[in-house]
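**Q** Sequence:
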Amino acid sequence: MTNFISVYEAYACAPPPYSELPTSSASPSAPSSPLSPISHRTTTIAVHAAFAAKGKTGARCATHRDIQLAETKLESDAIIRAAEALEVESYANVRVAELESYANVRVAELESYANVRVAELESYAKVIESNAKVRVVELESYAKIRST
Numbered sequence: 000m001t002n003f004i005s006v007y008e009a010y011a012c013a014p015p016p017y018s019e020l021p022t023s024s025a026s027p028s029a030p031s032s033p034l035s036p037i038s039h040r041t042t043t044i045a046v047h048a049a050f051a052a053k054g055k056t057g058a059r060c061a062t063h064r065d066i067q068l069a070e071t072k073l074e075s076d077a078i079i080r081a082a083e084a085l086e087v088e089s090y091a092n093v094r095v096a097e098l099e100s101y102a103n104v105r106v107a108e109l110e111s112y113a114n115v116r117v118a119e120l121e122s123y124a125k126v127i128e129s130n131a132k133v134r135v136v137e138l139e140s141y142a143k144i145r146s147t
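In numbering that gives the first Met the number 0, the protein residues as written are 0 to 147.
No lab work stands behind these hints: they were computed from the structure.
Since we're looking at a predicted model, the values are computed, not measured.
Zero decoy hints are in this set.
Distance windows between CB atoms, simulated:
1. Ile-78 - Val-117: 52 to 60 Å
2. Leu-109 - Val-87: 27 to 35 Å
3. Glu-110 - Glu-86: 33 to 41 Å
4. Ala-69 - Asn-103: 44 to 52 Å
5. Arg-105 - Val-133: 39 to 47 Å
Just so it is clear, CB atoms sit at the ideal spot from N, CA and C, and this is done for glycine as well.
Take the sequences, apply the hints, and build the full model.
**A** Set out below in structure tokens:
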């Protein structure tokens with residue numbers, strides 16, 4: 000016997016409404032008087048049979064419900080794990096974007112610093128070149144003065 004219970008059997012596990020329980024009036028051989036001992040006995044047997052059947056199907060349904068709850072829990076756990084994985088992936092994507100942005104900003108800063116440094120060095124080189132020209136003119140002037 001398998002633990003699988005069809006949807007029809009699971010639906011059949013629901014207890015019948017109290018009005019549908021078998022009574023003595025449903026039996027053609029029962030006496031017409033509801034107060035007679037035979038009628039009372041028939042009703043009592045029917046009620047006990049209904050409760051016994053309910054007990055058996057209830058136990059069967061409990062197993063089916065346990066299986067359904069376990070399946071539902073597994074499905075919800077899988078959904079939660081998938082959501083967590085998406086959250087981690089999203090965080091990783093955000094972190095990658097942040098790092099790329101930081102890298103781009105840092106590259107721009109370094110390029111800017113390099114351009115400023117190049118401009119400073121070019122300016123310093125021009126000043127040194129100008130000072131050198133002035134010094135050459137001074138030395139030529141001193142040389143002319145000494146030679147005369």
